[in-house]
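Undergrad: Single-letter residue listing:
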Amino acid sequence: SQQGEEDPQALSIQEGENATMNCSYKTSINNLQWYRQNSGRGLVHLILIRSNEREKHSGRLRVTLDTSKKSSSLLITASRAADTASYFCAGTDKLIFGTGTRLQVFP
Amino acid sequence: EAGVAQSPRYKIIEKRQSVAFWCNPISGHATLYWYQQILGQGPKLLIQFQNNGVVDDSQLPKDRFSAERLKGVDSTLKIQPAKLEDSAVYLCASSFSTAGSYEQYFGPGTRLTVT
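So the protein lines, in turn, are chains H and L. So for the first sequence, my numbering puts the first residue at 796; every next one is plus one. So for the second sequence, my numbering puts the first residue at 2; every next one is plus one.
The set of hints was computed from the structure by calculation and includes no laboratory data. Don't take every hint at face value.
Claimed, not checked - DSSO-like, lysine-lysine: derived pairs with alpha carbons at most 30 Å apart:
#1 K821/H - K63/L
#2 K45/L - K851/H
#3 K821/H - K865/H
#4 K865/H - K45/L
#5 K45/L - K864/H
#6 K12/L - K84/L
Predicted model, so just to flag it, every value in this text is computed and none were measured.
Please construct the entire structure, taking both the sequences and the accompanying hints into account.
TA: Dropping the structure here:
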């Protein structure tokens, strides 16, 4: 299974703080994606990192990938209330999602 | 570009009734996916189409769920008969290709309540 398991399950921070969430997976993957899901809305693709990349940036997002440890991390810098959502990781060959990290950003 | 369209957005049915969901993917996207997302869980892949052929339906409860994508464009997912545990959001997604470097675009989902 390429299922991602996100950690922590829940995270609460204040606006302006950084949020870090982690993802571990069981089998080898070619690429890994991170998605965001706001309450009541569909999933939105955030960033894709390829297996030969170690780090990738997109705006306030920074993703790392360690294929030897089968893990990835998503860092959101200078968080905003609008970042409140659930975050999921998944391998791209067959998207199998974990239960996600529920991020709450307080104003 | 237009996103993935799904209808209806909400549906309430009684157990043992049947229900159908419709999805229209982004134009030009060959791959279409149906996911089931139960409250508090991540989405679970039910079926994946490449054009009008099934790539993976290993997690589709085939005794009650069926899906088709006859012309390789839009798709329908049917449940017959529905059970209480089928209450969930059904998400449709599409991507340009099954190759791993392509992201999936998700529709808004259909929220199904089975009473």
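Undergrad: Each hint should be assessed against the structure and marked as holding or not.
TA: For each hint, the structure was consulted:
Distance hint between K821/H and K63/L is fulfilled; the C-alpha atoms sit about 27 Å from each other, no more than 30 Å. The straight-line distance between the Cα atoms of K45/L and K851/H is roughly 27 Å, inside the 30 Å bound, and the hint therefore holds. Restraint check for K821/H and K865/H: the C-alpha separation of about 7 Å stays at or below 30 Å, so the hint holds. With a C-alpha separation of about 21 Å, the suggested pairing of K865/H with K45/L holds against the 30 Å cut-off.
With a C-alpha separation of about 24 Å, the suggested pairing of K45/L with K864/H holds against the 30 Å cut-off. Among the hinted pairs, K12/L with K84/L is consistent with the structure: their alpha-carbon atoms are about 14 Å apart, no more than 30 Å.
Checked against the numbered hints above, the structure violates none of them.
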